[in-house]
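> Which chain is which? The protein sequence lines are P and L, in order. Position 56, counted from 1, in the first sequence is what this note's numbering calls 56; the numbers after and before it change by one each time, with no gaps. Position 71, counted from 1, in the second sequence is what this note's numbering calls 71; the numbers after and before it change by one each time, with no gaps.
If you are wondering where the hints come from, they were derived from the structure by calculation, not from laboratory data. Predicted model only: the values in this text are computed from it and were never measured. Backbone N, C-alpha and C fix where the C-beta goes; we use that ideal spot for every residue, glycine too. Check the hints yourself; a few may be wrong.
As the list claims (entries may be wrong) - Derived list of chain L stretches under chain P, where covered just means 3 residues or more per stretch with a C-beta under 8 angstroms from a C-beta of chain P:
#1 1-14
#2 39-51
#3 85-97
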Amino acid sequence: MKVKFILNGRNRSFEVKPGEFLLDTLRKNAITSVKNGCNESSCGACSVLLDGKPILSCSLLTLRVEGHRITTVEGIQEEIELISHYFGDEGADQCGFCNSGLALTAYALKRELVNPTDEDIKKYVVGNLCRCSGYQAQFEAIKRYVRNEK
Amino acid sequence: MEIKHFHRATSLQDAHETLLQDPSNIVLGGGLWVKKVNASANTLIDLSDLKLDQIKDTHNQLEIGAMVNLRDFETHPAVKSINGGFLSHAVSQIMGVAFRRLATVGGTVAGRFAFSDLLTPLLTLDVTLVFFPKKEISLEQYLNAKGKTTDILTSIIIKKEPGIGYFKKVSNTVLDFAILNIAVTHFKGKYVIAVGARPAGSVLALKAMDYLNTQKNPGLAEFEKAAELTSEALGFLTTSTGSESYRKSLARTYVRRGLEEVAHHEG
Chain P
1 MKVKFILNGR
11 NRSFEVKPGE
21 FLLDTLRKNA
31 ITSVKNGCNE
41 SSCGACSVLL
51 DGKPILSCSL
61 LTLRVEGHRI
71 TTVEGIQEEI
81 ELISHYFGDE
91 GADQCGFCNS
101 GLALTAYALK
111 RELVNPTDED
121 IKKYVVGNLC
131 RCSGYQAQFE
141 AIKRYVRNEK
Chain L
1 MEIKHFHRAT
11 SLQDAHETLL
21 QDPSNIVLGG
31 GLWVKKVNAS
41 ANTLIDLSDL
51 KLDQIKDTHN
61 QLEIGAMVNL
71 RDFETHPAVK
81 SINGGFLSHA
91 VSQIMGVAFR
101 RLATVGGTVA
111 GRFAFSDLLT
121 PLLTLDVTLV
131 FFPKKEISLE
141 QYLNAKGKTT
151 DILTSIIIKK
161 EPGIGYFKKV
171 SNTVLDFAIL
181 NIAVTHFKGK
191 YVIAVGARPA
201 GSVLALKAMD
211 YLNTQKNPGL
221 AEFEKAAELT
231 SEALGFLTTS
241 TGSESYRKSL
251 ARTYVRRGLE
261 EVAHHEG
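In isolation and in its complexed conformation, chain L is listed as follows:
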């Protein structure tokens, strides 16, 4: 990426005004894509001085600042306690520790990266995104929205709900992008299923969830059916790392396993 200017924002207002000055101005998250993107930026806007690297743990929610790095997120006791630690487990599989010390939660979420191993498990939770100057939307709404926003993501709020979570990343090697990732949560008979890296981005398996959550005491046969519905209803594509049919097969297998794994836990 060709970069003309670098600006350390002194406030969110300053960052936002700078962003609006030129369509090619970009807000930096962890900055790991700067080298890989074939584009030019007039000004890169750095939020490092704005104290957005804090995790606030209150009674019923966790507020994660956009500049919290993935390693601090993964190792935070409150994050480890969510749904059996499935968020920490998911993030711990992203590259190495040194990479995760640079990558940020805000950069990952705002970027809507289709391969993300964080977005898929987050999608199974009640997550609200907070933007500057003034906007709050759910993660699901944001992922489904099209186009670029000129608002700046400042934090994500995860509502604490008791329950258990499952996460599976399928990749060719430990450091590869996922060929597919799957997250499942369960609390008091309600199941949530999300699938990402299809290779399109993370989505909820709504048909499968609707089916499963209307069954009385679902068991192995219902889990199998829900896995089948996930595999049939979500779109999968062929890439160099995996074919459409392979991804469908993976989705069917790991959704079923995920459901079986979380079924007997109430969190």
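Bound-form chain P, shown alone:
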């Protein structure tokens, strides 16, 4: 079946199976920043933005994306570079597998919540798991990014 949606600002059309998930469609088409972690809606590594809001691409059938906007880190590179500086400054990177999903979630958080508290930030990113970092450095990086701290 054919599905059309806007991927990183460009109109795209894909031939997909009825039971195909967005994660697989994206990775088959060279969007490899979207990671296949748990593949069962638990880890957040596959996070992408659907009309600007974070969702889990491993659990969304591609055919349901018809007519919507999908954004991955490839589509917002300047902002992602900014986020990556905060991650670097705080030593929040280790293996990097969770970074794309976490960065997209941080990007969405900044646009959705006004003046978020520490608790708001923690609650927003709780679905993005990291098996390396222990979270504190990532939390500090996201907090500084969201609050535009130098």
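With chain P fixed as given, assemble chain L onto it according to the hints.
Chain L alone, transformed into the frame defined by chain P:
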């Protein structure tokens, strides 16, 4: 799940007719269980184009469209205002934001998921489910009913009543399913208690409520008794996450705490 066809319904009539065509056809909610279910579907029916993702706030009720996602539900000002925001508080503990952007209110309710952190607090309120083609039943009736329905849930109606609510989810980690969840509401001396994830589904603690609501000015001793009645009267089972006796103990403790917490508020 093996899926042969995918159908974007153009109307509720179209969705309903498609559903009736084959017993293995399934109406999609958020679709988060599609990957986990070991079954096959001839056709998955998508309701995304039917404008069921709206929340209508009127003077005395809230009408929640079946396709409203849990994140929009949780953050809606009218939902936040119900019984001190206990519905928002409960839903905010379900997985992460990206998960809740996919999961829908309709999918959660229609699925009667026993572990649901939404059904338990909803059960303490006056909630009516609206189905297509034409059926309206209370949430309690629906949860107690057996078998599959071929009607399609289109919205849930929450009657606005002043009051205060309490919700507690007990789980091993933040992202786990509940080992037990408890909801308590109070308005003008009337208490409602619901318990879910026992691991069976959400139920009202009727014996405890009957006892408590016939006491004059109930206090700590009556709350303790009501908590004990909840623990004794509802069925609890042992699973890998918690034993029957552990669940009973949790129910006793958190029902009492819930009652104490809501007792001094009139909403």
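> Count residues of the region 85-97 of chain L with a Cβ under 8 angstroms from any Cβ of chain P, then say if the count reaches three.
holds (count 4)
> Are there at least three residues in the region 39-51 of chain L whose beta carbon sits under 8 angstroms from a beta carbon of chain P?
Result for this restraint: holds, n = 3.
> Holds or violated: the region 1-14 of chain L covered by chain P, criterion of 3 or more residues with Cβ-Cβ distance under 8 angstroms?
With 7 residues closer than 8 angstroms to chain P, the region 1-14 of chain L meets the three-residue bar; holds.
Violation of the numbered hints given earlier is absent; every hint is satisfied by the structure.
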